[in-house]
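> Chain residues, written in single-letter form:
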Amino acid sequence: METYEYDVVVIGAGGAGLRAAIEARAQGKSVAIICKSLFGKAHTVMAEGGAAAAMGNVNSHDNWQVHFRDTMRGGKFLNHFRMAELHAKEAPDRVWELETWGALFDRTKDGKISQRNFGGHEYPRLAHVGDRTGLELIRTMQQAVVSYQQKDAVEHGAYDARIKVFAEHTVTRLLKRDGKIAGAFGYRREDGEFVLFKAPAVVLATGGIGKSFKVTSNSWEYTGDGHALALLAGATLVNMEFIQFHPTGMVWPPSVKGLLVTESVRGDGGVLRNSEGKRFMFDYVPDVFRKQYAETEEEADRWYTDPDNNRRPPELLPRDEVARSINSEVKAGRGTPHGGVFLDIASRKTPEFIRKRLPSMYHQFKELADVDITAEPMEVGPTCHYVMGGVEVDPDTGAATVPGLFAAGEVSGGMHGSNRLGGNSLSDLLVFGRRAGLGAAEYVDSLGTGRPEVDEADVAAAEAEALAPLERGAGGGAESPYALHSELQQTNNDLVGIIRKEAEIEQALAALAELAPRLDKVGAVGGRKFNPGWHLAMDLRNMLVVSECVAKAALERQESRGGHTRDDYTEMSPTWRQVNLVCSIAPDGSVALKHQPVPTIRPDLLALFDVSELKKYMTEPELVAGGVLAEAGAAPAAVVVAEPTVVAEPEIVPVVETATVVETETETVVEDKADGEVETVTETVTDTETVISQDKEGDS
Amino acid sequence: MTYKANFKVWRGDDTDGGLEDFVVEVNEGEVVLDIIHRLQATDAPDLAVRWNCKAGKCGSCSAEINGMPKLLCMTRMSTFTETETVTVTPLRTFPVIRDLVTDVSFNYEKARAVPSFEPPADLKPGEYRMQQIDVERSQEFRKCIECYLCQNTCHAVRDHEENKTSFSGPRFLMRIAELDMHPLDTRDRKREAQEEHGLGFCNITKCCTEVCPEHIKITDNALIPLKERVVDRKYDPLVWLGSKISRRK
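Respectively, the protein sequence lines represent chains A and B.
Residue 1 is where the first sequence starts when you use the working numbering, and the numbers rise one by one after that.
Residue 701 is where the second sequence starts when you use the working numbering, and the numbers rise one by one after that.
Don't read these hints as lab results, they were simulated from the structure.
Be aware that one or more of the hints could be misleading.
Unchecked claim - Pairs of lysine to aspartate or glutamate, EDC-like flavour, derived with a Cα cap of 20 Å:
1. Lys529(A) / Glu720(B)
2. Lys112(A) / Glu720(B)
3. Lys214(A) / Asp394(A)
4. Lys89(A) / Asp394(A)
5. Lys109(A) / Glu836(B)
Here the structure is a predicted model, which means the values were calculated and not measured.
Required output: the full structure, derived from the provided sequences and hints.
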């Protein structure tokens, strides 16, 4: 076994991990970056849309307060207000900093970073590079790490002297001594050798949990490793019931099932049809939205060119509505042969229009599915996209409840509340990656020389745990890791998916309880050298415990909010808004769930909202306590009110609020001409769109 | 549409190995990576293969299919006839670790040898101003997903292990071109491109461009312009003089 000593070990080399590592190194700490894949392959490269930052380059009215408001609305006020505040305030600096490391964002006419519109963001706010912004972030930070290594090679004689990347290494256990982090134990994929990291601080940046679901837009690595490592080390997870399902993922062919189909397809005129050819969304407009959505296909079609005098097509209802409707059509037997519905733009727009407006979608379907979206409809259905829940952290430092443990990015919880806005993920990982790296560095300083020692017995136990699947091999009664994984994915998909109900979640918990003892029988053959069967066997533990968290929290929360839709509790409840569900591991090894108050929003932040909007989310006593509302029923003379002009309206509690916004999108289309010259066409497209303020979300 | 396909997959490690035959189910719409995954779930649970996104965006699943360097996730089974035997082998230019997984550390060493972006010292974050037309040249190269198919296919190293020390390969010569064309990079990169990274080894056969899954015009847009810049710098006394009195490249 190889043993290394570092000040800070960062687990995960996506955006959050790299930003944390860069910061810890900048603070003078020695840093190890543990990377499950090759360096530069993290799931962050899949992010398309952009990084949300209120730089105000395109619309000067934008500022952190507006971004904060949008984020809180998107999360339906369950967000940790302090995280949303830090995120909105610091995102611009984090994006600008990337330019100093060589990032090349798309530009405005005056040479600044261009910003694009996105769902839920009031102004054009997403710094982007075409539709490959995540790749740009990863490459930039990867190169920033290299830049430090080059300095270290000059100064210390070795590239790896102060910051080293352990590519294709996986951590299976965090190690503690006297309640504090002492190190991490893992293996190297290449040869299966075990590796011990002695370090007082560990930053988790392992991303999400999508691979626990059958249909997902997530990549191979997303097996909830960090979530599980934190739990097993005694830390807590918050908001695990909130999972974002995007309504339109590819369902066919199988090779691309779950891959995202951008919402712009519908924005540009694409419609949803069932197997009978019917535009079924007209049957699913809820009463509360009736006024804003067209009742006939004719009216809906007129909206694209004349939004002022027509109502918008029901295909552009909020994502949860669209996903629910698709689900109902499929369940009613009107789905496509492959269990989705048709998304048709081919019969509605010219091939030239489609290729120009949706180049990446055209390319994606053409190359991956052999489907020409200018000639035939796509098949789509909901896909598991992002987990809002994660490790409970201190907003300012990223510290988890276990001393020495930090978390940032998708693996952490709280920032996005019940639902994440598109574009807020890339900015999240920059802002909180840096803060976690800083937090870890400061924690290491605070320890002085008294670093916790790794307990050899813990190392031996971790080793035995990792070797167990190989020792079982293919012997009698051994379970196949692939079969177990497939069953787990199917269970979550069917029973804890986009639409949930009590009986089904209970059924899922029973199924998970049956999988648990089978996990102890999973066997792997073929030795320790780069053995995917063995690796999966070890990942399964993480997926199983995370699935239990999701199911238990989903069963407990008796309301529908953001990424948690209950068929049996369809309303959003102001009482439940005050509750965070927190998971931990009970002494018997099962997942324990407790209610914890959502942190009280600071009055100065609460004052950024109109009181009529706050009333839709919060109870009256909360608003009175927050100083934005006078106490109802009190005699006027006796009331001490900060803002006496605000009048209580206790009887009016509308369910949703709608607002009309005008989105102006400037897009640059580059066409290669035959002679090799590059022609740039810049066109401005103005979309008028009614946005449901309680359900602003959006990616790509 | 389901049929049984004949597959030959290279299995083994750095000590020994060979092609192994499999008869495996293929369904409509599948790609080669799906078939490899099916083999893992059935016949060969320990079959080693790298993959991540399965959407052509991460560049992990590079291998050779019937001798052609390709991404396993971007090669549809419909491009083969039902009777055709599909042969999958690891990238030839890099040492095998196990089965389809090779040791690509050569590429990370070369990446580390390219000096990083050097911005103007007097520019603060937020003050960077660049025109779209000027960033687009480098942006094309930054589309690179680092699948290393170009590195694998380039004849300068494919069958010439001895050139690996003095030649960085198309991916990293393109990286130098990208930095050289970055509107705000201040470093003169021409000499090192030629003398340290072996630009002269490239004789523009365009094999790298042909295998690039991102369709980057590596040869035309990166390597040839870089060669031209090197030549200009080397032989033009006016350019040389200009470089001494101005910061601009």
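> Check whether the Cα positions of Lys214(A) and Asp394(A) lie no farther apart than 20 Å.
32 Å, violated
> Quick one, are Lys89(A) and Asp394(A) close enough, alpha carbons at most 20 Å?
With a Cα-Cα distance of about 17 Å, the restraint between Lys89(A) and Asp394(A) holds, given a limit of 20 Å.
> Do the alpha carbons of Lys529(A) and Glu720(B) lie within 20 Å of each other, as the hint requires?
18 Å, holds
> Is it true that the CA of Lys112(A) sits at most 20 Å from the CA of Glu720(B)?
56 Å, violated
> Does Glu836(B) lie within 20 Å of Lys109(A) when you go C-alpha to C-alpha?
14 Å, holds
Checked against the numbered hints above, the structure violates hints 2 and 3; every other hint is satisfied.
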